[in-house]
Each structure stands twice: as structure tokens, then as C-alpha cells.
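Protein chains in written order, with the numbering used here: chain L, 1 to 432; chain R, 1 to 432.
What the hints contain is simulated information worked out from the structure, not anything from laboratory work. A portion of the hints provided could be inaccurate.
Partial chain L-side listing against chain R, Cβ under 7 Å, derived [what the hints assert, rightly or not]: (1) 313; (2) 346; (3) 349; (4) 369; (5) 371.
The C-beta atom is built at its ideal place from N, Cα and C for all residues, glycine as well.
There are 2 protein chains.
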Amino acid sequence: MVVCSLVRMSRRSAVNLLSLGNRAVVGALYGSPLRTLHTSVCDPSSKGAFKPERVAVVTKTTRYEFEQQRYRYAGLSSEDLKQLLAMKGSSYSGLLERHNIHTHNVEHIVRSLRSEGIDVRVVKRGEYDEEVVRWADTIISAGGDGTMLLVASKVLSNDKPVVGVNTDPERSEGHLCLPVRYTRAFPEALQKLCRGEFRWLWRQRIRLHLEGTGINPTLLDLHEQQLSLEQHCQAHRITTMDGQPETGSLHQSVPKPSLLPVRSLNEIFIGESLSSRASYYEISVDDGPWEKQKSSGLSICTGTGSKAWSYNINKLTEQTVEEVLKIGKSLTALEIPLNREFIDKVTDEYNESLVFAPDDRRLFYSIREPIVNRVFSNSRQRGFASRVCVRSRCWDACMVVDGGTSFEFNDGAIATISMSEEDQLRTVVLEN
Amino acid sequence: MVVCSLVRMSRRSAVNLLSLGNRAVVGALYGSPLRTLHTSVCDPSSKGAFKPERVAVVTKTTRYEFEQQRYRYAGLSSEDLKQLLAMKGSSYSGLLERHNIHTHNVEHIVRSLRSEGIDVRVVKRGEYDEEVVRWADTIISAGGDGTMLLVASKVLSNDKPVVGVNTDPERSEGHLCLPVRYTRAFPEALQKLCRGEFRWLWRQRIRLHLEGTGINPTLLDLHEQQLSLEQHCQAHRITTMDGQPETGSLHQSVPKPSLLPVRSLNEIFIGESLSSRASYYEISVDDGPWEKQKSSGLSICTGTGSKAWSYNINKLTEQTVEEVLKIGKSLTALEIPLNREFIDKVTDEYNESLVFAPDDRRLFYSIREPIVNRVFSNSRQRGFASRVCVRSRCWDACMVVDGGTSFEFNDGAIATISMSEEDQLRTVVLEN
Numbered sequence: 001m002v003v004c005s006l007v008r009m010s011r012r013s014a015v016n017l018l019s020l021g022n023r024a025v026v027g028a029l030y031g032s033p034l035r036t037l038h039t040s041v042c043d044p045s046s047k048g049a050f051k052p053e054r055v056a057v058v059t060k061t062t063r064y065e066f067e068q069q070r071y072r073y074a075g076l077s078s079e080d081l082k083q084l085l086a087m088k089g090s091s092y093s094g095l096l097e098r099h100n101i102h103t104h105n106v107e108h109i110v111r112s113l114r115s116e117g118i119d120v121r122v123v124k125r126g127e128y129d130e131e132v133v134r135w136a137d138t139i140i141s142a143g144g145d146g147t148m149l150l151v152a153s154k155v156l157s158n159d160k161p162v163v164g165v166n167t168d169p170e171r172s173e174g175h176l177c178l179p180v181r182y183t184r185a186f187p188e189a190l191q192k193l194c195r196g197e198f199r200w201l202w203r204q205r206i207r208l209h210l211e212g213t214g215i216n217p218t219l220l221d222l223h224e225q226q227l228s229l230e231q232h233c234q235a236h237r238i239t240t241m242d243g244q245p246e247t248g249s250l251h252q253s254v255p256k257p258s259l260l261p262v263r264s265l266n267e268i269f270i271g272e273s274l275s276s277r278a279s280y281y282e283i284s285v286d287d288g289p290w291e292k293q294k295s296s297g298l299s300i301c302t303g304t305g306s307k308a309w310s311y312n313i314n315k316l317t318e319q320t321v322e323e324v325l326k327i328g329k330s331l332t333a334l335e336i337p338l339n340r341e342f343i344d345k346v347t348d349e350y351n352e353s354l355v356f357a358p359d360d361r362r363l364f365y366s367i368r369e370p371i372v373n374r375v376f377s378n379s380r381q382r383g384f385a386s387r388v389c390v391r392s393r394c395w396d397a398c399m400v401v402d403g404g405t406s407f408e409f410n411d412g413a414i415a416t417i418s419m420s421e422e423d424q425l426r427t428v429v430l431e432n
Numbered sequence: 001m002v003v004c005s006l007v008r009m010s011r012r013s014a015v016n017l018l019s020l021g022n023r024a025v026v027g028a029l030y031g032s033p034l035r036t037l038h039t040s041v042c043d044p045s046s047k048g049a050f051k052p053e054r055v056a057v058v059t060k061t062t063r064y065e066f067e068q069q070r071y072r073y074a075g076l077s078s079e080d081l082k083q084l085l086a087m088k089g090s091s092y093s094g095l096l097e098r099h100n101i102h103t104h105n106v107e108h109i110v111r112s113l114r115s116e117g118i119d120v121r122v123v124k125r126g127e128y129d130e131e132v133v134r135w136a137d138t139i140i141s142a143g144g145d146g147t148m149l150l151v152a153s154k155v156l157s158n159d160k161p162v163v164g165v166n167t168d169p170e171r172s173e174g175h176l177c178l179p180v181r182y183t184r185a186f187p188e189a190l191q192k193l194c195r196g197e198f199r200w201l202w203r204q205r206i207r208l209h210l211e212g213t214g215i216n217p218t219l220l221d222l223h224e225q226q227l228s229l230e231q232h233c234q235a236h237r238i239t240t241m242d243g244q245p246e247t248g249s250l251h252q253s254v255p256k257p258s259l260l261p262v263r264s265l266n267e268i269f270i271g272e273s274l275s276s277r278a279s280y281y282e283i284s285v286d287d288g289p290w291e292k293q294k295s296s297g298l299s300i301c302t303g304t305g306s307k308a309w310s311y312n313i314n315k316l317t318e319q320t321v322e323e324v325l326k327i328g329k330s331l332t333a334l335e336i337p338l339n340r341e342f343i344d345k346v347t348d349e350y351n352e353s354l355v356f357a358p359d360d361r362r363l364f365y366s367i368r369e370p371i372v373n374r375v376f377s378n379s380r381q382r383g384f385a386s387r388v389c390v391r392s393r394c395w396d397a398c399m400v401v402d403g404g405t406s407f408e409f410n411d412g413a414i415a416t417i418s419m420s421e422e423d424q425l426r427t428v429v430l431e432n
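Chain L extracted, bound-state conformation (with noise of 0.2 Å):
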């Protein structure tokens, strides 16, 4: 066990520690000497401490901040986006509610990390960019869990910090950030992190090979929710064909997989763009047979996002569960009970088997809305793996990463998903 002391200490010495792989050793940063040690009753001598210098906090942009630049752009007036909205039977000073909330927990978070003698950078979601992330050594994501999402996007090495701050708990689950409590006490937790009274989390993330034909490798950044389906599709006719018509599969051909500068924390879903049209593609899980499926789309996930889009694919109802076990007790006349609580034990134990830890090595494969039939086989529709290949027979489908970041995946599109361990996510787990 290792013990920082006071010792002024490069930064680059304190992060070679931490990247000695000993995760019972948890190095800590110190504060420039050049900078005043404001009122602190942290002790970074202390066993675990986690004392950041350069914190960038990148923000969320609200639905109110969004309507005032999507109307602004249109030329209407405040008074007109208050009627427009009323109209569509939202309210303007809801969403304004709503944004001052967060604006307010925002200026919290940072007023908190200035005391602590902290070199802050308030960063909107748009200008948040791989320059920012080399600049800090933690990155709070300061919104909801989206936000979360694309700030982990950027964050490509295992070693750097990220912290989620749930701006808007009324709102927003929250499920990647802090407990609720800290977004109106964050110095506590700032404490906290400082004693070490925490632990590490790396949570796993999924990496992505591609090759074959019928693939655009230049990514696609959904995370601005501004970008409609239109803009989504436009920017991937003008990174592929520069004013070519519509022979997007005809433009690259890479015969060796190549590796995509992304990760997964949540998910990877591949399918038709269009919600309505079914998805065609071929499948091999951990190295096994192909097999010719059809079905509404694929959903490969890790750990952290066995809570998120997998578990929503796969959860069953109570309505679902009654269901099934009324037909199970009339075809074998055994007293299975069919009262309330019962049901809602059954459907909760399946539910929670859906879920694993964010640290587990595997990824876990769900196929949703199987169509099977003369022409289409199916031999399970989920299960854990190491590795899922699967190759698009697809019109006008994607690849999306956390439901923000896409890739083409046409015809002859060949996906490689897997694990690595510098794939991890260091993030911080606080007791309630």
C-alpha cells in the first residue's frame, strides 16, 4: 500500500501510480503548490484519497434551452415560443422551471470544486471535444444519464475519472450518476472522495471491429438531440458520397477489420433506421455457426446497460407473467397461485436476472422481436457471450453506440463485438 504524502508530486508521478494496475492503490493528486489550499478538511495524505486538479464539468443542454434555439432560429419572439408551446400543450415556464434547476445544481457543483481549490472548466455538451478530456483529470458529466453517456464517449483510456452528477433528479433516473443526495451537498461528496471513503468502479465497455462492404468507418454524432432523422441520415450521404446519389455501400470496401474509435458503455443496437422495417443479418455468437435471422433489431450490451435499452427489450409485465403461469396451471391443474404478490415476485426475480454487474468481462446479446418462420430459424434470442459477429443484409441500417453515435451497417457489413480490459471506465461508486 503505497502512502502519498504531502511531498509535492508530478501529476504524471500521481497517474503513473494509479496506472500501476493495483487497484488497492489508489494515488492522489495534489493541488499545485503555486495554488492557495482553500479551507479544506480533506487530508490527501489520507489512505484512498481522490483529489482532483483540473476538473472539466461538461453540461447538458436543457429542453428549454433547446426550444429557445430551435425558435430563435425560426425568428419568433419569446412571447411566440410561449404560445407555440402552449399550443402543443407544454408549458413554457415548466421547461424554464426546469432549466433554472439545473443551472442552479450546475453552479453548485462548481462553486463546491473553487473551494476546494480545483481548476474548473464549465464545458456546454457541444464544445465538450478530445482537447478537454486531455486538459482534465476528472470530468464531471453535469445532467442526466445521456449526458453521462457522451462524456464517457470521449473518455478512450481506462484511468481517467468520470463523475455523474444528476442535475434534474425529478426528471432524470439518474442511473449512471451520483445518489440524489449529492447534487444539493456535493462538497460532502467532494469529502468523501477525498477520504477515500469511496470505491473504484471500471465499468466495461464494448469495442467494435468492422469490415466488408456497405460500411461509412466515419462516425456519426447523435448526441446533439437537436439532430433529427433527417440531418442524421444527410450527414451520412455527405461524409460517404460528397453529392454522389444514393450508392453509399458502393464507396467503401474494407477488406481487414478495423477498429472504431468508440466504446460502448451501455449498448450497441443494430438495425433498420426505420422503426417499421424489419432487419435481415447474419449471426454467429463466440466464434459459432452463422445463422440467417430476421427480427426487429439486435441489442448487445454490458453490464451498465443491462439496466437501460437490453432490460427494457426483455422485461416482462405482470400482465405477461399471469398470463403465462394461468396457462401453465390449467394445463397441469397443480395450485400455482395467481394472487397479486405472487405475480409481482415472479416478474421481479425474472426481471432482476436480467441485470449484471458493470465490472462483468461478458456481453449479453438480446434479439428483439424474433420473426421466425419457414425462412428464418432461431435458436435462443438472448444469452452472454465473449464475442457476437454479425453481418447486415440490411437496406438502410445502423450500428448505434449508447443510443448517440452512429455507423452505416448495410448489405455486406460485417460487425466484430467484443471486450478488452483497457476498455473499462473509471468511475466512482459513493455509499448513499
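Please build the complex by placing chain R on the supplied structure of chain L, with the hints as guidance.
Coordinates of chain R only, in the frame set by chain L:
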């Protein structure tokens, strides 16, 4: 029971008989006396005879034709096309083979009709329009289920018969088509129709009213499979905005519900166009209380459609049923069987319960992947109803009719989904 004799009867009178609403009475349509009755074993005077005069045969576009058009547009030769397909793992000769099978079957149908003295117009799906519907007294769909849906989409009356023939039984399911044996033995089908050895099936369809802001009552035809996602959205923009920037929702405010000129044979699907984005909306079933929901979309289907997309959304796999029964067993210590046979039986019974009769007057709604958390609730995931109202809270969503026609359905729009006897589609059922 009315017997229609060989006396020359105007087509209009015959049609009027049909429209009398007495399902036990089936009028007959006679060849014009000016046309020679070619050798036919059919006695048009027999009870329940169905002998059309003017038949439009609407044909699908084969994958081969599609690829030809697509690459000819890009300036490729046949040789280039072959190579390109081979690179993608497809087979040029395979596509050509399917194309030839389809074409051969279409020729068989047309010859069979003409040898009965029937006036036939062969119409490609791209040329099929209201004029063709008006001209014909019967329409034959020559393709798969998709072609049948297209054909039905332009037949808004409930008395014009539509018959589906599956022109590639090895590749298409053909749920909406005649039994596959009639594909190569079409004269037999014609004879049975002529002899009244069939029954009429009036398939109940869905009608749609739209009101509120954020709508574009101009429908967009997605039926042409060539239509990519980009074109889909671009077309929506062109028809709404004439070059205006992204302000689609400013464009139309429709105070009174307007009845849309479409009838859905399978289902209406409502949801975000981008398959990875969650849909937000409010729903009211049979004039019940409004409920805010978040899910990956909402399907509302007919009896016909209960075997289509809705079935795939709701059906369970053996894997899922086995896990539910396992949990039930572990919580009760009852001897619930877990052998393959029993699990298959429960699964089949569950899945069969999702299917209901095409002439049933009820619609069936299903919420796909409901997201239930602190913010959003869910009383029932699915059920029967007479009427469903949905208010959009979506960014960039559509209402998709039979997977082919779509309407913008964004924040503020309200759709009322219901059924009426007038909306039935007249089809035939031939015994196998």
C-alpha cells in the same frame, strides 16, 4: 336468396346487389354480351358465383429489378452489378432466379384470367393508383404480403374484392394470400370462385383522425422499398415547408379532427422514427383517463394484423417461458413440468392467444418495451379496445400505416384510432 340469371344485368345493378349488406347474397358479375365467353366450365348462374370482368393485376418489384434500377442509375453494367453483389455475399444468379419465378407466376395468372374472357390490366406497383382501382371490379395482388398491403391501401370501399396470390412461396410467407397451391394452379382458383366454392371475408380495418399541432396531413408513401430513410424525411420536409428550416410543427394547426384518407389492414405503429430513440406520448383507451408513457412505440392492430408486427412484439420465446416457469417452480416447490414438450405447449398457447379473427370489430393495442420508472407509469401493456387516442410528445415521430404509409406525428398532435363497418376490405377465402 337472389339468383342472378343469365339475363343481361348491368354491372351497376350487380354491384348494388352486393352492397345490400346481406352477406348471404352474393351477386354475380357477367361478361359483357359483346365479349365471347371462352371455353369455361363455370356456370355463372350458380349460387354465389364470382366472375369478374375487369381485373387489375398489381405486381411487386423484385429484388433483382430493384438492384438493376439502383445500379443502372449509378451507371454500372450488369458485370459490375454481379461483382458488387458477390462482394456483399449476395448472388446475382440467385436474385435473377427469384425474379424469373415471380414473373413466370404472374404470366400464369394473367393467361388464366384471359382465357376466361376477363379483361386484364397488369400494373407495376409504382403505377398503381386510384384510377386503376376505379377501372377494375377486382384487384389481384401478385407478390407477397407487402404487395397485398399496398393494393389494399388504395381500396377504400368495402365492396371491391381484393385477392392475393403469392408469387414466390419459397421466399414469402403470404399470410394474406391464397393457399400456395393456387399459385401454379390458378385456373382452379378461378373455377372455385366461379362455382361459389369459397367464402367472402370482410377484413375489418382501422381508421385515423388527426388533430392538433405538429401534424402534416399529407401522407408519405413508403411502399416503394427503394425509399430510403433520408428520402422519407426529406419528402416530409418538402411537403410541409417549401424550403423553410426545421419548423415543421409551426406549419399546421388543425383544430378539428380530420379523417385521413387511409385504412389500415394490419396495424398503425406510432413512435420515434429513429429506432434508438424513446417515444413519449399520452394514451387514452376507450375514453379512459390520459396516461403519460415512455416506450419504444405503440402498435394498434386489427385481427388481420394480429398475426403480423403486433404478434412479433408480443410473442414469447420458449426460452422466456421456461425461465418464468422455473422461477414459479422455485418459489412454490410445486412440481411444475420443465420438459421441452410442456414448455412448447405453454408457449404455443400463449402465442396463439395473441391472434384474433380478421372480421373482429375490435382493435388491439400493445405498448412496445414500456419504460416504467418514477416518472412514467403503465396500467396495462396491451388489450382490446374500440377506440384509442394518442397525443404525441415526440421529437421526430411518425404514425406508420401497414409499414408503408407514414404521417408526421410530433409534439402536440392527437390521433384517434377507431374502426367502422364501412372500412372493411372484401377478400376471399378458398379452402386449401
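Hint check results:
no., hint, in the structure
1, 313, "6 Å, holds"
2, 346, "5 Å, holds"
3, 349, "5 Å, holds"
4, 369, "4 Å, holds"
5, 371, "6 Å, holds"
Hint compliance for this structure: no hint is broken.
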